[in-house]
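Undergrad: Residue numbers (the working numbering), protein chains in the order written: chain A, -10 to 426; chain B, 20 to 191; chain C, 32 to 838.
Don't read these hints as lab results, they were simulated from the structure. Computed from a predicted model, the values in this text were never measured in an experiment. Every residue, glycine too, gets a C-beta built ideally from N, C-alpha and C. You may find that some hints are simply not true.
To be verified - Taking beta-carbon pairs under 7 angstroms as the criterion, some of the chain A residues facing chain B (in silico): (1) Ala161; (2) Glu177; (3) Gly178.
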Amino acid sequence: MAYLVSHPDEVKVVSSRFGKGAASIETYLALDGYSSARKAIELGSDGIIAEMKASNLRGRGGAGFPTGLKWSFVPKQSAKPKYVLLNGDESEPGTCKDRLIFEHDPHSAIEGVIIAGLAIGARMGFIYLRGEYRYLLTIMERAIDEAYAHGFLGKNIFGSGIDFDIRSHTGAGAYEVGEESALMESLEGKRGIPRIRPPFPAVVGLYGGPTVINNAETLATVPHVFRIGAAEYAKIGTERNGGTRLFCLSGNVERPGVYELPMGYNLKKMIYEVGGGIAGGRALKAVVPGGASTPVLLPEEIDIGMDFDQVGKAGSMLGSGGVVVLDDRVCIVEFALRTMRFYQHESCGWCIPCREGTDWLKKTLTRFHAGGGVAKDIDNMRYLAENIMGRTLCPLGDAAAMPTIGFLKKFRKEFEDHLDGKPCAYAEQGDAALAPA
Amino acid sequence: MSAETQTLFSPGLAARFDRMVTLYPQRRSALVPMLLYAQDEMGALNDAVIAEVASRVGISELEVRNVISYYSMLHTKPRGKYHVQVCTNISCMLRGGNELFARCKEKLKIENRETTPDGLFSLEEVECIGACSWAPAVQVNYDFHENLTPESLDALLDQYRTQNGLADRGGR
Amino acid sequence: MADVTFTVDGKKLTAPAGTLLIEACRAAGIAIPQFCYYPGLALQAACRMCLVRQEKVGKLQTACTTQVAEGQVFTTESPEIAQARKATVELVLGNHPLDCPVCDAGGECELQDMTFKYGAGVSLYTEAKQHREEQQWSPVVFFDRPRCILCYRCVRVCNEGMDVAALGVQSRGVTSVIAPNMGDHLECEECGNCIDICPVGALTSGTYRYKTRPWEMNHVSTICTHCADGCKTTLGVRSANYGAEIIRGDNRDRSGINGDFLCIKGRYAFDFANRPDRLTKPLLRDKDGQLKEATWEQALDRTAGRLRELRESRGGGAIGVIGSNRTTNEENYLLQKFARTVLGTNNIDHHRTADYAAFVRALGERGRGRSASLRETASAPAVLLLGNDPTQEHPLAAWNLRTDVRLNQARLYVVNHTPIKLERQATATLRIPQDGYGNAIRFLAGDDTALPADDAGRGFRDALRAEPSLLILFGSEYRGAGVARVIEFGLGLADARFACLGDYVNSRGAADMGLLPDLLPGYLPVSKPGGLVEEYGGALPQTPGMDLIQIFDAAARGDLAALYVVGSNPVLRYGIAPETLKNTFIVVQEMFLTETAQLADVVLPAANLYEKSGTVTNTFGDQQLVNKAGDLAGTRSDFEMIVRIATKMGADAKKLVPYGRGVRADMGQSRGAQSGEADRHAVWLAANNLEPKLSPLDPFAVLDEIERLVPGYEPQAGGRAELMAGNDIHLEPPSAPAASSADAGPARRDLVLPAADTLFTSGTLGRYSEKLNSVLEAYTTAARTTGRDGLSPVAAGESAGERDRRA
Ligand SMILES: Cc1cc2nc3c(=O)[nH]c(=O)nc-3n(C[C@H](O)[C@H](O)[C@H](O)COP(=O)(O)O)c2cc1C
Ligand code: SF4
Ligand code: FES
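In isolation and in its complexed conformation, chain A is listed as follows (with noise of 0.2 angstroms):
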């Protein structure tokens, strides 16, 4: 089971109802819950909006988004309906901690789409979770039942003359879908190909009204920061990167799990603190900073602040959240295998570069690492990925070639190491393992 860990470092905002029993709208409510929905109503949609901004809260998806800037993108008058979209697919490698929000606390979600119907004018929400989260696919279905039962959702929500409806949907498996605009596609009923943009979804998105697509933990988010206050949430983190985060630590360190941190946590220290340092008091090789798609970071790079900001100055991505630790007995170019697969069975197949590049590269990595490589993979490698990037519709072509550059950029000599059918020195090597390049 999810289980969950803590830290004395955390600041529980998103995570403060975990573990007790706030599935439940009767606990929910015991704990403050639903009083955000009634400031926000008060507020109106520009007071929402205001308070959003100040806050600095960033789209936890991946891209840092600002939301309330986002949310300001949506026209006031629209003669389509307009919608909100919670982004609950989460299937970025390394990334777990919707998935606790689903569990522990889904009225969370669920009063953060009901404010951003409000912010925006919309009468409609959609929860999507992905297919494999069919347990949690339950909670929700009956979390929102419970909103509907005490008049949160449906006809005239908390007696404010505002109708408003949210509707729980499942998807079936495929990563692509958690793009913004595949998700749409998916939420009717369709293939999970990424629509052209513009338009953006703010202005023509779901069954063609403006949309507000937001990531599950941001949503989650949002009723927090009409309980604390904006001022008071955007304090806890950096400049311009509001708040806390929820970081899924995972691979190689003693104590993985879900953490709540403030952002701008030092990534060090959250590996060798809250982590508990390296599994088996092993040496550290890499570090994947914000999820699969997101560029390694060498030992020497990870003295940084977990913020957008700091983590895109080094070089990567802070993304998904999700810090994979990878301890010295790690094979890169395996590693880079396995990334590659992902990718390249998660591509859509809608455009060429990603289509063919990924499986160009997972096919070449496959050989590559079985020992059939010869010098000229290397660079071939690295000259495909460089042209598969920003040259694809959506940017799930350019998830897959970051990384890929990062690894060879930064294991140059691990690959070299591979060539000539030379048997793989470092999966499995144990202290013997070489030092990176």
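Starting from the structure of chain A, add chains B and C with the ligands where the hints point.
TA: Same frame as chain A, now just chains B and C with the ligands:
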């Protein structure tokens, strides 16, 4: 009573489908969940299921097939009673996912995407299932089993085999 | 949209705001490479070949989705862009088979061209390519999966263009694949548009695949011989020991009245021309009553001799002539001239499939300029379709109507007694009883008692009548007074234009050219031939002759001495009992030994429309050029046969065909398979005041006469040049001469007999097409699992062209 005069599904599921198509601004939106639930009940999305679903959402069977083939969880051929899904993606791989997968093959005597002759188990290597911090993880049908070791995996499979199933949570 | 100015490669360009950059560039002569982009179809942004650099934008942008706005600056060629395109080509080639030497598309392949242009000459890819067996999806469609580059053009043309939705995309990622609707095969309209639109050789045609190389064919553009829409089709011909064999039909150049479209008949049903049972020798009935092969000289002598004898002995009134819906205007004109001036009879008719005479008369002076061209079906803001099922009977018009609805948000109003597929595009549909077409017009005109009108019916009428302009298409459900009522109704609306829907490639031309017992060319009443008398140099019979039914009635009475049939099969079509004709001398010009030919005394082997030059007029009145593509030794054109019979009967060839009147002549012209060239040459000749028509067998000499004498065919400014260039020219029906019904002789009988052809049939001719037969057979034997209204599954609402909104 279901809107379809003849339905392949149980009365409960048929009624649920009748309602589902009304919950969205467009009927077609119910398609993916409907397929998943239909598969849960029928074991696979065979031609007859596809035909009924197509008519329920008002699209062609070809379009339904286009959608089915896109999603990895949807399938047209039956799988084992217990579909064992082993994650070998990065976080699980770092903590023994590959070993678990090898152990499954050995123990069930089947390869990836195969079903045991008795129809009890099928095996699939899957991408990240959202259990990274509790890796390595396996999903059997919809149930998560985390922090597994080859030994605890053995025990788990035995449990499925002998008890013919643990309490399933929320559908199959 | 207001015009905006922007810069491309340093050039200032102007285009309406919102124009796609790729189109704006194309218009300015800047070609941007593309695989997935296709004009008029939903945007995909999938191939990434069209990437360009936009100033101040981080990533390269797709020109196929970028809408131009004021002040933008673009670069479309640079080392960076060339590299991006090169890499994309390299990636596609990673798994694309390099079987170009045997691939049908070799030499016509967009991927080859791109590879050539962007020079991905060295493959970086060392993994084994994934091979898959080729699949046959239907009698006409084959799929070679590894060649597919997933541009989705086929899927879109099938979904959006055809509204058939028989192709989809399945699986995902690198396993994505184009899939047919029936799992391993297709059930569709078999139009083959998916094949032509495929940029590579992934979809290939059952008729053409592995037959030849594109550069080994001559490509002759001509007009499809089947339905009355008259699509331009480019025939690929190769020389054969018997002449020239047609091996392919396509519309890859997308020129002509049909743009991107061809149906199965235009694309594949040329195969009748190559059939081994084509007649190539004249047949004469011998003393034992058997048809025996004869020489042309013998056959023509016998024909001319007997006709002359019978004309002399029993008079022209005992001779009947039945013309064709599939011969050229020039041949039709010549035939009636021959009948009236040489045989001396008005007993001339043809299988009428629409009442054009009534249409022309009803339009009259008030309706002048109101006849619509086929092109208007793709652009009219609102269309009323009365009767007919264009999907089956007018595939191009149906395509245009769908396009009009899709791209121009046109409103389509359908009135029909039975559901038709186009209703899926209709704004509103009015269902009427089978015999309710006349009442439908009364109802639309305001008579509430004419139909049991409910609110929906009245709503239909109100919406329709509120249209500021309306294109009215009516089928052969309307004839005679019915046609007049339609026109009357339409003329009472704000702004209506009309078209009458008949059936065969030159049905309209047959009527226009006077293959009618009561009307001369241009619908001049026989009683008032006007200037024609002098022109034709002699007396013209001035009382209406026998119509087609009367001709056979006369034969039954023993009053028909001779029957001259050109390219028609009345015996089958009208169920004529063979005994009826036992005392009649019958001459039949035909390709095959049809039911009619079997009864003939002389059978003359005829060339078909693909083997001759001339013009045809589609049912909308659009005239187009026919070019000689195929050639079968032993056959003659109907034109030549008529001329030779007439001269052998003693007629003056110069009077029949005004040839060789010029003073200066050009001797260098030839008319072979390259007659397209020759016709361009003809334009040059005319421009230089040279007389090319040195032979009485030159149909263009007759075209000159038609333009000079036939009301409605008067030369238009630049018209001949347009025609010769392969463009269509719209002809307004004549208004003056035939307008008065008093002059039209006795009330005309309703002899309209619709062909009732479907997509896969084409009268008698269709029976001789293997391709059509194999498709028909596939559809009659295949268990029907889909289709409520024929062939294609119903795609609900937004699904057809579900990606439209991307556009
Ligand atoms: C390939 C791909 C997969 C993605 N998957 C997810 C996902 O599973 N969950 C998620 O919240 N965002 C995902 N995103 C990001 C979304 O597109 C979108 O940016 C996000 O949902 C916006 O929410 P936020 O503003 O709250 O971050 C993905 C993006 C890409 C390109
Ligand atoms: S980059 Fe292209 S092929 Fe890849 S997932 Fe996005 S759209 Fe699909
Ligand atoms: S033509 Fe623009 S992406 Fe294909």
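Undergrad: Does each hint fit the structure? Answer for all of them.
TA: Structure-based check of each hint:
1. Ala161: 4 angstroms, holds
2. Glu177: 6 angstroms, holds
3. Gly178: 3 angstroms, holds
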